[in-house]
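Participant: Chain by chain, the residues run as shown.
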Amino acid sequence: MNGFRRLLRDRSARLGLIVIAGLVFCAVFAGVLAPFPEDVNTYHLPRRLLGPGGINFLGTDRMGADIFSRLLFGARLTILTAVVATTFAVLIGVPIGLIAGYYNNRLSDLLMRVSDVFLAVPQIVLAIAIAQTLGPAIHNVILALSITYWPFWARLVYAETRSVRNEVFVEAAVAIGASPLRVMALHILPSIASSVIVRTTIGLGGTILVAAALGFLGLGPPPPTPEWGRMIAESREFLPQAWWYAAAPGVAILLVVMGFNLLGDGLRDALDPRLSRGTDDRTDGR
Amino acid sequence: MRLLAMVARRCLWMPPTLFGLLLIVFTVSHVIPSDPARVMAGENASASQVAAIRHQYGLDLPLPVQFLRYVKDVATGDMGKSLFTQRPVAEDLLARLPATMELALFAMSLAIAIGVPLGVVAALRRNSWLDHLVRVVTVAGLAMAAFWLAILLQLLFSMWMGLTPVRGRINGWGPDPITGFFTLDAVLLGDWETLGQALRHLILPTLTLALPAVATIVRFTRAGMINVMSSNFVFYQTAMGIPRRRIVWKYLLRAALIGTLTQIGLIFGNLIAGAVVVETVFDWPGLGTFAVNSILHSDYNAVMSFTVFTGVIFILTNLMVDIAQTMLDPRGR
Amino acid sequence: MIAPMDADLLSIRDVSVSFTTESGTAHVLDEISLTLRRGEIMGLVGESGCGKTTLARTILGALPPNARARGTAITFDGRDLLTIDPREAADQIRGRAITFVPQDPFSAFNPLFTIGDQIFELLRWKSPDREAGERGYPRTRRRADHERALALLRRVQLPDIERLLRKYPHEVSGGQRQRLMIAMALLPEPRLVIADEPTTALDVTIQAQILRLLRELAVERGVSVLLTTHDLGVAWEICDRVTVMYAGQALETAPIEAFFRAPALPYTRLLLDSLPSGENPLRGIAGDVPNLVNPPPGCRFHPRCPEVSDVCRASRPPTSEPAPDHLVRCHHPLAVP
Ligand SMILES: Nc1ncnc2c1ncn2[C@@H]1O[C@H](COP(=O)(O)OP(=O)(O)OP(=O)(O)O)[C@@H](O)[C@H]1O
Ligand code: SF4
Ligand SMILES: [Mg+2]
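Residue numbers (this note's numbering), protein chains in the order written: chain R, 1 to 286; chain V, 1 to 333; chain C, 1 to 337.
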């Protein structure tokens, strides 16, 4: 509670929270908020490439669909992709990091080596390779992102676990005979949770960027899915005239990612005063 | 001495890391798809075409055999042929390397040249309007999709204002290749006309790639400066009347940059990754456009080879960063 | 007898320093007055947190940004350091006429540069041969400075000097680092060295060696030293005179003999009584160090003073001179035999 109040005192964290709340709101109520909900899969060619204004608040795209409506439905997709992919990455990465950090043995070395191998290529490059093999579909994007993203959490949790492994409260738990699983879940995990939460928040923003890049490269879900990255790719043919077509989805991405980054920074200040803003090693890719 | 040991240790780790990387790529390309030959042949291939490919690429052999063959081929510099152009992929990748490297190095230099002083000044004037401005720009810089920024800059400076070329690396052919870096080759040849052109083409892609890098560098430099500004050695030198600018730009900066340097490898990786999408926007004939073209043509072997190739570059960069860091910080030596 | 004016090198008159902090304004120094003569070693004694380092920083003009200094004057060699042009202070006073030996030799070196680099950086700006405002580092001066540095490092008994200069700070011992710090304080040929607890970070045997060295060098060169310490033993070892501070007030100044034999201030008496000795086990002084945001009015020692009376709580005591050269600020000074 105290942490939450401290979070709300931070101006940028407040801003981030508002943006993300707005995103979630848009995603949940896309059907109600969108002036033309049917425009996600229908088209009206006579109305194509209209500039912003009038009934099409942000203009229309090459199919004559309302860009604003498509953006709102795209928010759903964005949240879904980011949350599911990041959750998988956390679910894979955190246990691996915990185990490797808890036991300091061959297995730890092996696990960390494996995550190093994954980190030996920029995340997006590996994601491209995987998405390419699997074919363009939303679940494949999610899979590609989770497979390439978990090592960031494994590394973080490993380092944090190593640093608390020899603390008195952990030793005490081991001494009274708690099982390793119990020690990890009930003693170590809570004490490193704040850094995981911070990293996950910022990681959500990173996931959105990579997902958008995959969409831009044509590796995302196929049309007519209103994926933001794909929308930008589609707009390129119609530049420089249809500038709104390119601008609107980009601004949406910018706002949402900024929201997560600001919230992450604020969370770090609120939850983990020993880490000051910007000094941790951010290892999430773009 | 320690430096040598460190380099040796890192070099020893390189083969296993590469081996692991190949294993991942092999898994992605040969194990995950139920029928890799089908994937390679493309959606419209006939059954006999698929069978031909299966045989031609040895896909009918047991997986471990295929993998060992693959490792052997890559180790000898053979990355196979492009399914689309039928040219050796390794050659194409090497031919495109200079374009990407030139871009990445320009972006990196620009990012350092802007990011470090900005980070220092923001730290010195903490909470001034400049600091706040820098903060807003860095937050935005890290949240912007690189391909979108590229399009935006292209729209603004090339299409509307006509100040910079819309796409490409040069008009017509580049200078006779010496290093493959157009700017450097033009200088070596004394061809100023070409140099000017190459630079004009570089402006926008460089700016696009540099922005997120600037943001990261500013953040870390600023944090590093603030961290060391309250050190005792700063107070000592101040109390001994050493000029402020000397303390800041010589003694504080080096300490602050150690933290920034840990990020340089990562930033470089991000530059290469960013190049994939940014090159596409500007039609920059580097590794990125190669990768994207291969994606478009479902040129599957090319995409996998691109992944391995990038991995090698990335591993080498990280090695160099580690060496630089060890040289900068005597405590670790 | 009052010493003639020109014998004073440094004269601090009623200087106060306050810090702006989150919990309010901390009045850390309160109307300090202090005089330092040419060639003498003055000990500034007081408990941790009484403001010794703050006074040193005030003289050096190197206070942190949240500090504010006021007062009548800090006269050094005829110039007022409170009103001096900051650029002139940085160029001519700090590190040149007045040098500094820090409390902790471990952290006062930048860990990323060699010792030699840091010594020659100092000489580049603070060599006695440097002309005011000179920017570069001409080769002839550099060579002379090199000789000068080698000679002094030898004088402070550092071994294998050429190699030492190429080492990094973490590669030499604490005692060697403090010798280096002392050498660096003397290289610019200053008139005053401010040594801020120069030996607290070192172990006892090395402490004594370093103190003796500091005294020898100071006497040999006629340099004045202002040495702060919370350790009366250190003061006894090398000082000519001692000033006692309590919670930001300077309360008693006396020659070393008189100080230990016949202090006039009740606080000094208690300090001396609390020194561990054969029969007496260590005894602290009852009560707590006061909060400096809301310091006690009048004499700041009054909540803990056995001689306290109403006047102590109401007003700051005036300065009296119970014996020649022995100054005390107390309403009820102890009798001096
Ligand atoms: N920058 C600052 N901001 C606020 N308060 C400060 C600052 N520097 C020092 N103080 C306070 O001023 C008081 C005196 O500090 P100072 O360092 O001068 O004491 P000291 O006598 O040197 O103590 P020590 O023996 O521990 O070095 C302390 O209460 C300290 O908390
Ligand atoms: S002035 Fe009063 S309180 Fe202060 S030391 Fe003297 S007797 Fe004690
Ligand atoms: Mg002190």
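Hints in this document: simulated from the structure, not taken from any laboratory. As the structure is a prediction and not an experimental result, all values here were calculated from the model. Just so you know, even glycine gets a beta-carbon here, dropped at the ideal spot from N, CA and C. Each hint should be verified, as a subset may be incorrect.
Claimed, not checked - Residues from chain V that face chain C, not an exhaustive set, calculated with beta carbons under 8 Å:
1. A75
2. D78
3. G80
4. F84
5. T85
6. R135
7. S231
8. N232
9. Y236
10. M240
11. G241
12. W249
13. Y251
14. R331
Stated by the list, open to error - Which chain V residues stay away from chain R? Per the calculated CB distances, all over 10 Å, these:
15. P64
16. R69
17. D92
18. I114
Participant: Run the structure past the numbered hints and jot down the numbers of the failing ones, going up.
Facilitator: Of the numbered hints given earlier, those the structure breaks are 1, 2, 3, 4, 5, 6 and 12, listed in rising order.
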